[in-house]
Amino acid sequence: MGVSCVYSYPVPEGRSGAQVVEVLQKQVETLGGIKAGNFIVDCETYQSVMLNPPKTLHILHNSEHPASCFAILDSGATLVADTLFNGLVLYLKNFYQARKGAKIESKGQRFQLSDFVLKIGSVSLAGSMKGVLVEVEYCPSVVAADCWNLMKELLQSLIGNVAENPPPSLKPKMDETYTPAMTMLQYLDHFNSFRTAAAMGQPLR
Amino acid sequence: MPTRRFNMLGLRLSRFAEAGTRSKASALASDLEKTGASIGSVQLFSNIDNLSLDPVDKNTVMHSQLLQSYKWTNKMHELASQAVSILNQNTLKRTQVPRFSSSKKQKVNTLAACTISPALVDQLVAQLDQTYTDLSISIQRPLGNCGVMQIELGRTLRALVVLRGLMIEWVKVKGFDETFKTEDGQIDIWSASRYQVFQKVTDNAEAASLRFFHPLMPQLAIKSFIMWLQAYKNLFSAPCSKCGKYLQNNMPPTWRDYRSLEPIHDVCQM
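Top line first, the protein sequences correspond to chains A and B. Heads up: the first sequence at position 123 corresponds to 123 in full-length UniProt numbering, and the numbers run straight through without jumps. Heads up: the second sequence at position 67 corresponds to 67 in full-length UniProt numbering, and the numbers run straight through without jumps.
FYI, nobody ran anything at the bench for these hints, they're computed from the structure. Quick caveat: nothing in here was measured; it's all calculated off a predicted structure. For glycine and all other residues, C-beta sits at the position ideal for the given N, C-alpha and C. A few of these clues could be false.
Said to hold, decoys possible - As a list, the in silico DSS-like pairs of lysine-lysine whose alpha-carbon atoms are at most 25 Å apart: (1) A/152 - B/233; (2) A/55 - A/93; (3) A/107 - A/152; (4) A/171 - B/242; (5) B/200 - A/173; (6) B/233 - B/245; (7) A/171 - A/35; (8) A/152 - B/242; (9) A/35 - B/181; (10) A/171 - B/24; (11) B/245 - A/152; (12) B/245 - B/223; (13) A/152 - A/171; (14) A/152 - B/200.
As the list claims (entries may be wrong) - Here are the computed distance ranges between Cβ atoms for each label pair: (15) B/210 - A/12: 36 to 46 Å; (16) A/157 - B/211: 55 to 65 Å; (17) A/165 - B/234: 54 to 64 Å; (18) A/36 - B/74: 52 to 62 Å.
What the hints assert, rightly or not - Listing some non-contacts, in silico: residues in chain B with all C-beta distances to chain A over 10 Å: (19) 28; (20) 156; (21) 192; (22) 223.
In isolation and in its complexed conformation, chain B is listed as follows:
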């Protein structure tokens, strides 16, 4: 449409110019300017808009999908930057942000918990194994330095804890009749329990491993984590300390208080 209008105006302009009527020509020129202003600047299409115009792509859903993922990335970026600003307020960190600086500086940043020798870790595990009679703890190193601690708690549950130095990296909890071994006899740290109760306990244990983390006293962190885990011995036999019932949503109290170690239902905590 705009091109046609321009053409017509241009035609009339040339005619008046021929006639030599200057005033009319200037009036027309201003007219032309007005038209130009009303049209506005020409929009530049981005690649994605060109794609939407492509008739071949009409049948596919690529355009809408692209738009959606674009929105998603934008939102994620926004949330990530908010998270960074919040997390930056905390100076104690579990994981190091990789900094591309000299190796000397990086060494200073490494946590003390990660650099503990395997012999010391073994010693601590042996000590813990002796302290708690209803716990049996063993440690293996299937892949080099990282230890995999397997804990058996009475006849209630089995837990697997992956350690980096003395830092808890990974926790899984399963039932007493389940195993942490794959079919070919290797340690399986990934698979979850088939019971909902232990899936919930796994979630809570992961939260606890973060809660008890201590950057300067890793031994204390592990000890308090084990002590907390030991409170699950009565997972099936203890009623909730708040509502006094055994079942809530058909689940026993799967939460143990960090301080008092009392059993509480997930719902009753609120």
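Chain A extracted, bound-state conformation:
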């Protein structure tokens, strides 16, 4: 477990997401990254039935933490539970119902680069590709403020100026001890902006 930063990598016009992923993968391999399996982060969204205004509940899973399930409210309140929690949500269908066509996931190749883990995921919403997410994890450290500069150096050699600042959801928590839930919050942020972009009917820049 270490500090993770997740960034959305813009897909330039006239290029497909798959091409961008391929270029990024090649770049990681040139840096010295070694393929180390696949990963998947998925998110399902539930909406409260009775409350007005309706509340949303996001259930996320991460293959990096296969025995856990992350439930996040819009306020950012996070519950980390066993995967049994999935079954519990099904029982709550009178109160929370899954939003149709809202399942979004990021999956792709995982790379190991000494103590870094790099993940290049293609994001798909209801089966169609929406963009590219790059996650860089530095495993030995547990404080984001400590290792941000070091991660920035690696990130910039990979994705350039996209990684000028720490991810916005991580910024207020830079001095705290890092937890896996912070990674999930970053993913959720990106998933939400992909969804709104899809709702607006235009690709995210």
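Take the given structure of chain A and dock chain B to it, following the hints.
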């Protein structure tokens, strides 16, 4: 081949002897001597050569392996004797060469650092714990006299130091999210960190424990070692003092200078 030649010569010699031609016999005798000289002395086979001739062993690789290990031992012996001659020039030693002499003489040789009472060690550890606010140091004695010191440095790393008296015998460094406990709750001094950074820091800390060793002032040695270790607090946040970069070969600066305590990459030191 040589035996057959000898036989033939012997046969001819006996024939001439019968004929009574002395001169020819002497010529033949000298001939025989010449042949003998040209053949040279018979080579005595060692056990290992006999083994190589054994047809049963043809299929196995034992002979070549034996030869290889023989060469290896020879080389090791050579290097060891060179090392001894170099090390003998240094009179200050960490470890005593066991000398099979009277016990009185051995007592004189024991280092002062090893004979310090546990109470004094505890006192020093408590004092160090108070001096450095970002370090938390605790000491345990799981197996009698030797102390195992566990150091926690901020939220950066954990270190384990095994002491004999006040002499540092063993150092391991791990990440903050790793532990020095085995599954059944005992202290685990052997396992290495799963992160490359801390494996490197462990190597450097071991080197430092030798560097700071002082035979006469063990307290000073420990204090300077702890002070040096404390410099790792900014392991992830400080750039290299030489190249100014954070990463080199995807690693932060894992070396701290002995005097200035400045962070330097392993590669930049050279």
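Hints violated by the structure (listed by number, smallest first):
4, 5, 7, 9, 10, 12, 15, 16, 17, 18, 20
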